[in-house]
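> Residue numbers (our numbering), protein chains in the order written: chain R, 278 to 686; chain L, 23 to 347.
Note that these hints are calculated values from the structure, not bench results.
Mixed in with the good hints there might be a few duds.
Example chain R residues on the side facing chain L (calculated, C-beta under 10 Å, incomplete) [claimed, not checked]:
hint : residue
1    : T456
2    : P458
3    : R545
4    : L554
5    : R558
6    : R577
7    : G667
As the structure is a computational prediction, the values presented were derived from the model and not from experiment.
Don't be surprised by glycine CBs; every beta carbon is placed ideally from N, CA and C.
Each chain is listed here by its residues.
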Amino acid sequence: MDFDDTPDEAAYRARVRALLAEHAAELVHLDAGEEAADPRDQELALRRTQRVLAEAGLVGVAWAAEHGGQGGSLAQQAIIGQELARAKVPSLINHIGIGMCGPTVIAHGTPDQHERYLARLLRADDVWCQLFSEPASGSDLAALRTTAVRDGEDWVVNGQKVWTTLAHVSDFGILLTRTDPDRPKHAGLTMFVVDMHAPGVTVRPLRQMGGQSDFNEVFFDDVRIPDSERLGEPGEGWRVALTTLLNERVAVGGGGNDLGLSVESLARLAATKLPVLPADRQVLARQAVGRAAVAALANRYTGYRRLTAISQGGLPGPEASAGKLAGTAAAKLVADAGVRLLGDDAVFAVGTGDDEAGRWQRNQAWLPGIAIAGGTDEVLRNIIGERVLGLPPEPREDKHRPFNAGRQA
Amino acid sequence: MNFDLDQDQLDAAAGARQFFAGLASPAQARAALEGGPLAPGRQALADIGFLGITVPEAHGGAGGSLLDLAVVAEQAGAVLAGPSLVTAARAAVLLADQPELAAALADGSRAFCVVDGSAPALDAVGADTFLALVDGALVVAGGDVATGQPMDATRGLGVVTLTGPRVLVPDAAALWARARDVALVALAAEDLGTAGKAVEVGVAYAKDRHAFGRAIGSYQAVKHSLVDAWVGVEQLRSLVWWSAWAADAAPDELPLAAASAKAFAAEVLERAAETCIQVHGGTGFTWEHDAHLYWRRAKVDRLLLGDAAEHHDVVAGLVLAGALA
Numbered sequence: 278m279d280f281d282d283t284p285d286e287a288a289y290r291a292r293v294r295a296l297l298a299e300h301a302a303e304l305v306h307l308d309a310g311e312e313a314a315d316p317r318d319q320e321l322a323l324r325r326t327q328r329v330l331a332e333a334g335l336v337g338v339a340w341a342a343e344h345g346g347q348g349g350s351l352a353q354q355a356i357i358g359q360e361l362a363r364a365k366v367p368s369l370i371n372h373i374g375i376g377m378c379g380p381t382v383i384a385h386g387t388p389d390q391h392e393r394y395l396a397r398l399l400r401a402d403d404v405w406c407q408l409f410s411e412p413a414s415g416s417d418l419a420a421l422r423t424t425a426v427r428d429g430e431d432w433v434v435n436g437q438k439v440w441t442t443l444a445h446v447s448d449f450g451i452l453l454t455r456t457d458p459d460r461p462k463h464a465g466l467t468m469f470v471v472d473m474h475a476p477g478v479t480v481r482p483l484r485q486m487g488g489q490s491d492f493n494e495v496f497f498d499d500v501r502i503p504d505s506e507r508l509g510e511p512g513e514g515w516r517v518a519l520t521t522l523l524n525e526r527v528a529v530g531g532g533g534n535d536l537g538l539s540v541e542s543l544a545r546l547a548a549t550k551l552p553v554l555p556a557d558r559q560v561l562a563r564q565a566v567g568r569a570a571v572a573a574l575a576n577r578y579t580g581y582r583r584l585t586a587i588s589q590g591g592l593p594g595p596e597a598s599a600g601k602l603a604g605t606a607a608a609k610l611v612a613d614a615g616v617r618l619l620g621d622d623a624v625f626a627v628g629t630g631d632d633e634a635g636r637w638q639r640n641q642a643w644l645p646g647i648a649i650a651g652g653t654d655e656v657l658r659n660i661i662g663e664r665v666l667g668l669p670p671e672p673r674e675d676k677h678r679p680f681n682a683g684r685q686a
Numbered sequence: 023m024n025f026d027l028d029q030d031q032l033d034a035a036a037g038a039r040q041f042f043a044g045l046a047s048p049a050q051a052r053a054a055l056e057g058g059p060l061a062p063g064r065q066a067l068a069d070i071g072f073l074g075i076t077v078p079e080a081h082g083g084a085g086g087s088l089l090d091l092a093v094v095a096e097q098a099g100a101v102l103a104g105p106s107l108v109t110a111a112r113a114a115v116l117l118a119d120q121p122e123l124a125a126a127l128a129d130g131s132r133a134f135c136v137v138d139g140s141a142p143a144l145d146a147v148g149a150d151t152f153l154a155l156v157d158g159a160l161v162v163a164g165g166d167v168a169t170g171q172p173m174d175a176t177r178g179l180g181v182v183t184l185t186g187p188r189v190l191v192p193d194a195a196a197l198w199a200r201a202r203d204v205a206l207v208a209l210a211a212e213d214l215g216t217a218g219k220a221v222e223v224g225v226a227y228a229k230d231r232h233a234f235g236r237a238i239g240s241y242q243a244v245k246h247s248l249v250d251a252w253v254g255v256e257q258l259r260s261l262v263w264w265s266a267w268a269a270d271a272a273p274d275e276l277p278l279a280a281a282s283a284k285a286f287a288a289e290v291l292e293r294a295a296e297t298c299i300q301v302h303g304g305t306g307f308t309w310e311h312d313a314h315l316y317w318r319r320a321k322v323d324r325l326l327l328g329d330a331a332e333h334h335d336v337v338a339g340l341v342l343a344g345a346l347a
């Protein structure tokens, strides 16, 4: 047992660190959770940052060389993630494209689609989004209602997606549609690549509870998609979507990094705020800080076990769902301890300020979304309960009947 | 990064599981509540080598690491074995420069108990050799043990009055602190085993028991509470491994890791044991069922060697002093 890099990993880390230092002037550097004042400036800066990193060979390292990657390992991918965090480079703007859309195109797309999309995706020439959830199908994704109807060489799409992160800056998306409502809900789905600039696509940003707009509603009104943009066979959309969701688990289940502001941030805040509290309040604040630190450490070291498995060539299984579940809980403890240390400042801080109080408030207002996005806490508990502990599944009464019948019932 | 057990440790865990399966069980923990002997008992633990895992080979032990001991302690916890490997681990640190006493620890010829002032001491019942910190010095002593109605008889708890103390190490504060941290790790490791077993028993019942025409484990209310308990166990496993590793490989990290592990263990085991009872319904509340034996262990262990509040405060102090920097 050790926490050291293997010689190969250490050499790779040194190379990554040197490249990041070499290109430091060309990269956006922000504290986790920070944002530039102007969203458009921020978008352009983030696109430029990803392009610089891609040209340095640091984007999509685990992808095969034929797809524009480096043919590297998930362990190398994890090292890059750690080094980007260390250098305070924010998440890649195309993280959804790299983590979820790209692998889906690789697995189910045609050579022509590979040629047209993948290299541009890695360079953030095109930003991608994932058009899955709908107003009436969130956790129950296979109940989605957006339709695609064949018309000559095209499909015509009508419907609405929601909670679509990055849709407002995206150039392309992977779009899950219902093409055969007479079949059971999982069997009548088909996946496409959609041009987000096509006529009939309308993106409307949603304002989140914290005030920011990271995600959107997307409306499709008679949007024509050429059949050549289909991913997989008609009716095979659920299988294609599972590729996306498996890669989401790989993308988010790996590192054990803190979600939201780190426990180190809490330690720094506490070092200034806690000693000036009255003695009896200090006792209570120390309980909150200690409890949050223990939860964060437990999650961090559990993440190291997943990294070990990845380093030895394994893939995260359903147990990786536990990392997001516990990580969210730990992040809430850290956030709550931090906000409470702000004292009276906490109730006046708005989530947009650049001061410390604003940072902690923004963090607090962000975390409820983390407990929902990418699998709600409840869905993750079902996954762990059924696939790890082997408990019997929930009854799913609509699973085998035609989708139309389900809607009428 | 290689944060996993090695093959020797996996083999040791499997061997320990097999050893304990024949010699200790919740049934014996129940019998102990009515005066039965500890199982497997000190001599059996000594004979298999478990009391000397961390005693140097030159002193008759196996010269192993605390992590080696922790994987065995987890298996001991799963069957509520007694006496505790916490005492063996802690005494081995205190007796690092006492070859004869260390040998007597490893071969079971002396029954050790480590005493923290007037707090109830683990494995005091039946002990003949007591170690304590008196005026900054490590002493070995005899002792008079006052016991009560034990909540968990496998812990051998008693309040000890030392008799005839003899100084072993005059200036022993640092040694004592390290030994106490090692004890926290071993206790967390035993709790890990108990908590894992309580979840396993609860899951098995939830698959088997039917209500309203379905296995109760299919209901989210039951499923999710078992999942939360299981997630806690896996997170605790990480803290146990880290803290046990740190004891030998990164001693500077030991105080933070050990306090974290103990604080977390207290709450994880309590949750697992309470969930186990709840999932079983009325059956889980009976004397005959094993669930209350895990619960007894939880309710006692959470208070031993400092409760979660004490260790959260220790963690906060270390974090404020820059332990994460």
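> List, from low to high, the hint numbers that the structure doesn't satisfy.
Hints 1, 2, 4 and 5 contradicted; others consistent.
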